[in-house]
Amino acid sequence: RRCLISVDMNQLEESFQEIKRAIQTKDTFQNITILSTVETLQSIKPVDVCCVTKNLLEFYMRRVFKDHQELKPQILRRISSIANSFLYMQKTLKQCQEQRGCQCSEEATNATRIVHDNYDQLGIPSAAIKSLGELNIFIAWIEKNHQATSV
Amino acid sequence: DGVAALPAPQNLSVHSTNMKHLLTWSPVVLPKETVYYSVEYQGEYESLYTSDIWIPSKWCLCTEGPECDVTDDITATVPYSLRVRAILGSQTSAWSILEQPFNRNSTILTPPMIEVSQDGFHLVIELEDLGPQFQFLVAYWRREPDTKEHAKIVRRGGIPVHLETMEPGAPYCVKAQALVNAIGRNSAFSQTKCVEVQGEALPL
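Protein chains in written order, with the working numbering: chain A, 1 to 151; chain B, 1001 to 1204.
Calculated from the structure, these hints are not laboratory results. Heads up, a few of these hints could be off.
As the list claims (entries may be wrong) - With a cut-off of at most 30 Å between alpha-carbon atoms, the simulated BS3-like pairs for lysine-lysine come out as follows: (1) Lys1058/B / Lys91/A; (2) Lys1058/B / Lys26/A; (3) Lys26/A / Lys72/A; (4) Lys20/A / Lys1020/B; (5) Lys20/A / Lys54/A; (6) Lys144/A / Lys91/A; (7) Lys91/A / Lys1020/B; (8) Lys66/A / Lys1058/B; (9) Lys144/A / Lys1152/B; (10) Lys1020/B / Lys1152/B; (11) Lys20/A / Lys1058/B; (12) Lys94/A / Lys1020/B; (13) Lys91/A / Lys72/A; (14) Lys1020/B / Lys72/A; (15) Lys1058/B / Lys72/A.
Okay, chain A solo, but in the shape it has when bound (with noise of 0.2 Å):
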């Protein structure tokens, strides 16, 4: 059984949105990608999500938000409200993995490996801003895979 996250995705996606043109438009390496092609996320085997999501989240927080250098305030306070909610998500994740643990298996730990490479290829700050434009796979991916449907 999935761990699940009680977040405000709308607000997640309402955050995204507001940055997403501001932060794209800094991106000037448009057919390369951090985060790999959907199809490496999506053919993330069920039993390996909890242990991509762990990563993920952990990449993001300790390394795009960090290396990332916003001087506008309205942006900046939208990437501290995501960074923030993925903070809360990591806590509430945590609880729920060390009752039903979150094995990394050779594949979730390649598909990590494959992002931070990326990043590292790419380099600071542009990989910090690609990073940030991809967020919606990443959010859209949370959804999937961390929410209860909703009725």
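Please arrange chain B on chain A, whose structure you already have, making use of the hints.
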């Protein structure tokens, strides 16, 4: 330069009810002067990972009153640090920081106001509109021996919601509580309100 330092605001505190969060402080009083204030915040993420970054509050970059609505700043269920300083012309005071970080899961949740009415034989409720974070659990029953209580989740306030088609002969009673998923809490139940439909039962 002999200019007395502008005193920093004191007694910061947050009053939070129904997910509306108001930061207040004691005003800095200077004769014949209007003192302004600036508010900034840091979520737990910033204090853990980017502690030098403070974010200007959305509504209180330069505000006159000794209070600031920080509802739009506090957007996650983690502790937030808040700070305020006074501004007088080109002078700014030191920052005063809220003694205890504020977490919105401590907000006071009040029982929702409800309006119960009948539209012909239909039992209708309208709940207080408390904003997008709120859903409501509505309980309703026909007041007679061995009655069964029904429950319904209402996703938004401010709009009439049909609960049931009533039959004459006994009152129908309703109560409701507010639910906030984002903080995993709910309010107490509201008062119970009852209505009774008169006349003949509806033809089958």
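Handout entry: Restraint status (C-alpha distance of Lys94/A to Lys1020/B at most 30 Å)
Key = Between Lys94/A and Lys1020/B the Cα gap is close to 28 Å, so the pair holds against 30 Å.
Handout entry: 30 Å Cα cutoff - pair Lys144/A, Lys1152/B
Key = 26 Å, holds
Practice task
Take the C-alpha atoms of Lys20/A and Lys1020/B, compute the straight-line distance between them, and say whether it is at most 30 Å.
Solution key: 27 Å, holds
Practice task
Below or equal to 30 Å on CA atoms is what counts here, so check Lys26/A against Lys72/A.
Solution key: With Cα atoms ~13 Å apart, Lys26/A and Lys72/A stay inside 30 Å; holds.
Practice task
Could you grab the alpha-carbon distance between Lys1058/B and Lys91/A and see if it respects the 30 Å cut-off?
Solution key: It holds: about 26 Å lies between the C-alpha atoms, which stays within 30 Å.
Exercise for the section: With a cut-off of 30 Å on the C-alpha distance, tell me whether Lys20/A and Lys1058/B pass. Expected result: Status holds; Cα separation ~19 Å.
Exercise for the section: Take a quick look at whether Lys144/A and Lys91/A sit within 30 Å of each other, Cα to Cα. Expected result: 19 Å, holds
Exercise for the section: Mind checking the alpha carbons of Lys1058/B and Lys72/A for me, to see if they're no more than 30 Å apart? Expected result: 12 Å, holds
Practice task
Assess, step by step, whether the Cα of Lys20/A is no farther than 30 Å from the Cα of Lys54/A, and give holds or violated.
Solution key: At roughly 24 Å apart (the allowed maximum being 30 Å), Lys54/A and Lys20/A satisfy the hint.
Practice task
Would you mind confirming whether the straight-line C-alpha gap from Lys1058/B to Lys26/A stays at or under 30 Å?
Solution key: Holds, because 24 Å separates the two Cα atoms, which is no more than 30 Å.
Exercise for the section: Take the C-alpha atoms of Lys66/A and Lys1058/B, compute the straight-line distance between them, and say whether it is at most 30 Å. Expected result: It holds: about 21 Å lies between the C-alpha atoms, which stays within 30 Å.
Practice task
Take the C-alpha atoms of Lys1020/B and Lys72/A, compute the straight-line distance between them, and say whether it is at most 30 Å.
Solution key: Measuring from Cα to Cα gives roughly 25 Å; hence the hint holds.
Going through the hint list in order, the structure satisfies each hint without exception.
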